[in-house]
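Chains A and B are the protein sequences, given in the same order.
Residue numbering for the first sequence follows the working numbering, starting at 1 and increasing by one per position.
Residue numbering for the second sequence follows the working numbering, starting at 1 and increasing by one per position.
These are computed hints drawn from the structure, not numbers from a lab.
Bear in mind the structure is a predicted one, so any value in this text is a computation, not a measurement.
Do not rely on the hints blindly, as some may be mistaken.
Using C-beta positions, here's what the derived DEER-type ranges look like [what the hints assert, rightly or not]:
(1) G82/B - M274/A: 55 to 65 Å
(2) H81/B - I279/A: 50 to 60 Å
(3) S3/A - A223/B: 54 to 64 Å
(4) T21/B - G184/A: 23 to 33 Å
(5) L173/B - S3/A: 49 to 59 Å
(6) H242/B - R103/A: 25 to 35 Å
(7) L16/B - P110/A: 31 to 41 Å
(8) R103/A - D41/B: 28 to 38 Å
(9) A182/A - G82/B: 47 to 57 Å
(10) Q247/A - F172/B: 22 to 32 Å
(11) G82/B - E235/A: 50 to 60 Å
(12) P191/B - F108/A: 56 to 66 Å
(13) P110/A - A19/B: 27 to 37 Å
(14) Q123/A - Y165/B: 33 to 43 Å
Every residue gets a Cβ at the ideal spot worked out from N, C-alpha and C, and that includes glycine.
Spelled out from the first residue to the last, the chains are:
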Amino acid sequence: MSSTCIIETHELTKRYGSFEAVCSLNLRVNSHRITGFLGRNGAGKSTTIKMLLGMTHPTAGAGVVLGKSINNPKENREMRREVAYVGEDKQLYAYMTVQQLIRFTKSFYPDWQRDVEHRLLQQYGLPLDRKVKALSKGMRTKLALLLALSRRPALLILDEPSEGLDPVSIEELLQALIAAAADGTTVFFSSHQIAEVERIAEHVCIIDRGKLVMDVSLDDMRQDYRRITLGFTQEQPREKFRIQGIQQIQTSGRQVVLLANQNADAILELARSMEPVSIDISAVGLREVFLETVKEAR
Amino acid sequence: MMLWYKAWRESRDRFLLSAVTIAALCVGFVVFHRQGAEISDRPLTYLEYIWRIVYKGYLRELFVLLALLLGIGGLLRERDHGTAGFTLALPVSRPHLVLVRAATGLLEIAVLSLLPALVIPALSPLVGQFYPWSQSIQFAILWTAGGAFIFVIGFVASNVFGGEYTAPIAAFLGLLLYSVIVDLPFLEHYPLDIHDMMSGVGMPYFKSSVATLAGPLPWAELAIIFLIVISLVALAGRIAEHQDF
Chain A
1 MSSTCIIETH
11 ELTKRYGSFE
21 AVCSLNLRVN
31 SHRITGFLGR
41 NGAGKSTTIK
51 MLLGMTHPTA
61 GAGVVLGKSI
71 NNPKENREMR
81 REVAYVGEDK
91 QLYAYMTVQQ
101 LIRFTKSFYP
111 DWQRDVEHRL
121 LQQYGLPLDR
131 KVKALSKGMR
141 TKLALLLALS
151 RRPALLILDE
161 PSEGLDPVSI
171 EELLQALIAA
181 AADGTTVFFS
191 SHQIAEVERI
201 AEHVCIIDRG
211 KLVMDVSLDD
221 MRQDYRRITL
231 GFTQEQPREK
241 FRIQGIQQIQ
251 TSGRQVVLLA
261 NQNADAILEL
271 ARSMEPVSID
281 ISAVGLREVF
291 LETVKEAR
Chain B
1 MMLWYKAWRE
11 SRDRFLLSAV
21 TIAALCVGFV
31 VFHRQGAEIS
41 DRPLTYLEYI
51 WRIVYKGYLR
61 ELFVLLALLL
71 GIGGLLRERD
81 HGTAGFTLAL
91 PVSRPHLVLV
101 RAATGLLEIA
111 VLSLLPALVI
121 PALSPLVGQF
131 YPWSQSIQFA
141 ILWTAGGAFI
151 FVIGFVASNV
161 FGGEYTAPIA
171 AFLGLLLYSV
181 IVDLPFLEHY
191 PLDIHDMMSG
201 VGMPYFKSSV
211 ATLAGPLPWA
221 ELAIIFLIVI
231 SLVALAGRIA
241 EHQDF
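Bound-form chain A, shown alone (with noise of 0.2 Å):
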């Protein structure tokens, strides 16, 4: 399946008063792949989404979603037709029952899928006929994504899925995400639980402070970040690592740490010139790359 983009963002910035929630932001994300937003509490991955909803409009920039103009209110509408979200408490209408819910939101959406609705109503459980408030918050994140699901969207957002669920339904949930992306829905959801993003994107875009700070394939990540440990008899001065690929230098008496993103070959080949007494090669998990990151953009 060929991937073309399916959010783009240029410049888009939003501020509250004097605080800026998103600064700049240029967001790019490819279609047919799962995509984690991660970043920290308040970083603002939920103002994003907001944005590309239309739920909260941008002091500045643009954005398009499956080619519809996310400034434009007529474009917005036609683009969620095409696109489900999953909110972050998962509130439901709470005086509905699970089936008045269904047919409420099925009536919105003429390509429904009943096969999906029913297929999932037996997976995850759920009672036609209890009230949403009685719903406990697991089976409100199952009725959401059955309400997602069953209209096969072209693109599934959800912002902070997993908050406040536990282990089993954290795992239900990864799974049906996992499906949904194998029926060719595109997922871009935000999180700030490294684990799952890890566990099931393709793609991360890190974003701190309302900056994007890293927009990369969990893949190339794998391939291309390595932890580089150097031991030398006498300590070195930082600048003598500053080249290209070098994200990050920690110095710990004669311990040099680097952590290369890109161009590790090279970079080893230098150390070795420099006659360290050891060294040390390890790949990189998401979270070390995160935290150095975050740490860095500050």
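Position chain B against the provided structure of chain A, taking the given hints into account.
Just chain B, lined up with the frame of chain A:
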């Protein structure tokens, strides 16, 4: 169609409670008309009694309060309850959401206005009295217009102020301010007081000596009120369009 269902479900409890209260009070006022009429300092005819207690008095005041409360709701309230995200992700424009909610509320107001018009003339013969249908229907028309105006005060307040209690308090204060302003001596002579318009007090179409609507209803004024209501609903739509959720 399902948006109407949603608007109905969100206001249903308030509406039904209001309807039951109004109907029950009407029944009570008719059944206990003798005891009620005795409270007055002079003997009242049945027409006077009904007008005093229903169309001018307690029931009208209660109706005003209920109309104001029916106007409360909407997207800001949904934001407080956490459902605004779900609603706004639907492929529906915000003005459309606002319009459906307003139309549902206005229909409910019309039904509430009709309740005394149905209950009082229907029950009166059972207690040996008579209340003309023409009177009650005309009062229902006046109440629909007045109720729509009061409703839209609550409706606009709900679209401006978030928070569980802020909108009802703002709406109530707005209504209070309006009532004080139209009672100012230099404004008293203009037909601006919606309360007087609903009860007929001091209006050319009301004959106070017999407590009945005697002249043609003020159709031009009623049309203006509905225009104001429509304009304020449109304003609420515009406000909602520019809000961040």
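* Falls inside 23 to 33 Å, the C-beta gap from T21/B to G184/A? -> violated, 54 Å
- Item | Distance restraint hint 56 to 66 Å, applied to the beta-carbon atoms of P191/B and F108/A | violated, 44 Å
_Satisfaction of the hinted span 31 to 41 Å by the C-beta atoms belonging to L16/B and P110/A_ = holds, 33 Å
If I claimed the Cβ atoms of R103/A and D41/B lie 28 to 38 Å apart, would that claim hold in this structure? Cβ of R103/A to Cβ of D41/B: about 58 Å, so the range 28 to 38 Å is violated.
Quiz item: Is 33 to 43 Å a correct range for the gap between the Cβ atoms of Q123/A and Y165/B?
Solution: holds, 42 Å
For this session: Could you say whether the range 50 to 60 Å given as a hint is met by the Cβ separation of H81/B and I279/A?
Result: holds, 59 Å
message: Verify the CB-CB distance for S3/A and A223/B against the hinted window 54 to 64 Å.
response: The hinted range 54 to 64 Å holds for S3/A and A223/B, with Cβ atoms some 59 Å apart.
Is the gap between the beta carbons of L173/B and S3/A within 49 to 59 Å?
Taking Cβ atoms as reference, L173/B and S3/A lie about 56 Å apart, which means the hint holds.
(Q) For the hint 55 to 65 Å, verify it against the beta carbon of G82/B and that of M274/A. (A) holds, 57 Å
Q: May I ask you to test the hint 25 to 35 Å on the CB atoms belonging to H242/B and R103/A?
A: holds, 32 Å
Cβ distance range 50 to 60 Å for G82/B and E235/A, holds or violated
Holds, at about 56 Å.
CB of P110/A to CB of A19/B, is that within 27 to 37 Å? holds, 36 Å
When the structure is compared with the earlier hints, violations turn up for hints 4, 8, 9, 10, 12 and for no others.
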